[in-house]
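Trainee: Each chain, letter by letter, is given below.
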Amino acid sequence: MQCQSCQKKEATIHLTEITDGVRSEMHLCEECAQAKGIVVKSQIPLNELLSTLLSAQPEEGELLGETAQKQSCPNCGFSLDEFRREAVLGCPYDYELFEEALLPLIKKAQDGRTSHRGKIPSKTPGDTRKEIELCALREQLDNAVKNEDYERAAKLRDKMNKVE
Amino acid sequence: MKLTEISGDINTWFDGSGPMSDIVISSRIRLARNLAGHKFLSRCSVDEKRVILDKLKEALMSLEVCGRNFYISVDAASDMDKHFLVERHLISRHHAFGKGPRGVVVAEGESFTGMINEEDHLRMQVIKGGMQLKQCIEQINRIDDGIEAKVEYAFSCRYGYLTACPTNIGTGIRVSVMLHLPALKMTSQVEKFFGAARAMNLAVRGLFGEGTEAAGDFYQISNQVTLGVSEEDIVSQFEDLIIPEIAEYERAARKQLLSNQADVLDDKISRAMALLKSANLISSQEALFLLSHLRLGINMREKMDVSTPAIDRLVTLGVGENAGGLSIATINRLFMLTLPAHLQLNYGKALDATHRDALRAKIIRSALGQSS
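Residue numbers (this note's numbering), protein chains in the order written: chain A, 1 to 164; chain B, 1 to 372.
For the record, the hints were derived by calculation from the structure and aren't laboratory data. Where hints are given, some of them may not hold.
[What the hints assert, rightly or not] Within a straight-line C-alpha distance of at most 27 Å, the following computed BS3-like cross-link-like pairs (lysine-lysine) qualify:
#: 1; chain 1: B; residue 1: K192; chain 2: B; residue 2: K277
#: 2; chain 1: B; residue 1: K99; chain 2: B; residue 2: K192
#: 3; chain 1: B; residue 1: K255; chain 2: B; residue 2: K2
#: 4; chain 1: A; residue 1: K123; chain 2: B; residue 2: K192
#: 5; chain 1: A; residue 1: K146; chain 2: A; residue 2: K162
#: 6; chain 1: A; residue 1: K130; chain 2: B; residue 2: K2
#: 7; chain 1: A; residue 1: K123; chain 2: B; residue 2: K362
#: 8; chain 1: B; residue 1: K255; chain 2: A; residue 2: K123
#: 9; chain 1: A; residue 1: K123; chain 2: B; residue 2: K134
#: 10; chain 1: A; residue 1: K130; chain 2: A; residue 2: K162
#: 11; chain 1: B; residue 1: K192; chain 2: A; residue 2: K108
#: 12; chain 1: B; residue 1: K349; chain 2: B; residue 2: K303
#: 13; chain 1: A; residue 1: K107; chain 2: A; residue 2: K36
#: 14; chain 1: B; residue 1: K99; chain 2: B; residue 2: K82
#: 15; chain 1: B; residue 1: K55; chain 2: B; residue 2: K185
#: 16; chain 1: B; residue 1: K303; chain 2: B; residue 2: K2
#: 17; chain 1: B; residue 1: K362; chain 2: B; residue 2: K99
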């Protein structure tokens, strides 16, 4: 459908107005709509927007979630807006508080990995050590299943059972 | 410690010794750590930074690493001293020109340094000459355990050691190996090769780390992934797989140069000798570039028993203790002592670029046995 105003471009904005029971329709291109002062709100559903952002692999600093953007840490006052500028966090607690928003970035920076493997402070109690080990094994198991490497997945499951 | 006590000589890990030292200059392991109960530095007040500095300084100074430990206050250092510390790989540029109370603890021989209040509360490194990553990880683990006995680190079950930037979480480890790859460069294979390294999630940088160009055919290769892979796995990937393979490529390129382009190789070494022996002004970039060719010639003579007219003439260079040809240690000395801040600190005052270039040329000429 052509734009009713310029008769040139494709109409992408369709307005329906009902005044005193009389229905009128307007079909405009984006430029003409803007020229007429019609404010166009984004119609993209949020889940679609998130998946588009994720599939586009956001650059470091590009973060998700509007509420999280405005939230600030009660401990250090850090907000995600600052992370966008400085690329560093404000305190250790921010990893927990902003976990949802940070996780895609961590995944991207760390080649898809999200659980620690390796050195643990010697003061760490036994239960916590077990938890860390299980967490790492669970991630390896997920990856094995994703790669359809069922032999490795079975081995990892046995290992997890042993730890538990 | 006065910096002039160390500025007249190279640090121990740069003396040209160590396994695979014809190609591997040094092995370095860095760990990033933060104290629990404190903010990361970007949100710290000056007072909080001072508290962190005092805690970590005390913990580091009491460690027995290798002889005595020295503390250098970086925020109180002059610009010249800061440049010197960067040239010597004792601190990063970020630490040198950062803000607020900060310092560095250096162990005798300079193989261990602990930067306090850099991007993280503590960034410590162990450097050794040649291919010695396994020795580096053993030593830095012991040091880390010693510090952990005195302070509490920020650690999470899921993300491991917590760091200011999510690119360092988990192990907080950065393994870097400095390589001299002149033959890969001359045979135009270096870019192709580093494309492969980047595809493996490895970073390739110049002589002085982040943001520096590869000068004099020196390259630093390091890991980027710090989460979900153990320290031992990263180290053995470098030591058993990546570095031996790069070294093999470089050695093959050296042989290839010899069989296909012997006259080009000979000309490069011959020109380097001629320029270094007779230049009156030489920039640090040019010095690195030319000394790199001499280094290649010396290694080919010593390790591969190669003989070309120019390589044979290398033995005529050098006087006094260097008579009979320059050693790799002497070349390394010239690399380091002719860097701008080293030159000026050893000269005793600041010099403009032209005077630095003249002094650099003079030092090199005299090491090569030219009398004036």
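Trainee: So, for every hint listed, does it hold in this structure?
Mentor: Hints and how they fare:
1. K192/B with K277/B: Not satisfied, since the Cα-Cα distance of roughly 34 Å exceeds 27 Å.
2. K99/B with K192/B: 39 Å, violated
3. K255/B with K2/B: 45 Å, violated
4. K123/A with K192/B: The hint is violated at about 46 Å.
5. K146/A with K162/A: 23 Å, holds
6. K130/A with K2/B: The given pair, whose Cα atoms are some 48 Å apart, is violated under the 27 Å limit.
7. K123/A with K362/B: 56 Å, violated
8. K255/B with K123/A: Answer violated: K255/B to K123/A is near 53 Å, above 27 Å.
9. K123/A with K134/B: 24 Å, holds
10. K130/A with K162/A: 11 Å, holds
11. K192/B with K108/A: Distance ~24 Å between K192/B and K108/A Cα, so the pair holds.
12. K349/B with K303/B: With Cα atoms ~40 Å apart, K349/B and K303/B exceed 27 Å; violated.
13. K107/A with K36/A: 44 Å, violated
14. K99/B with K82/B: 13 Å, holds
15. K55/B with K185/B: 46 Å, violated
16. K303/B with K2/B: Given pair K303/B, K2/B is violated - Cα atoms ~38 Å apart, limit 27 Å.
17. K362/B with K99/B: 37 Å, violated
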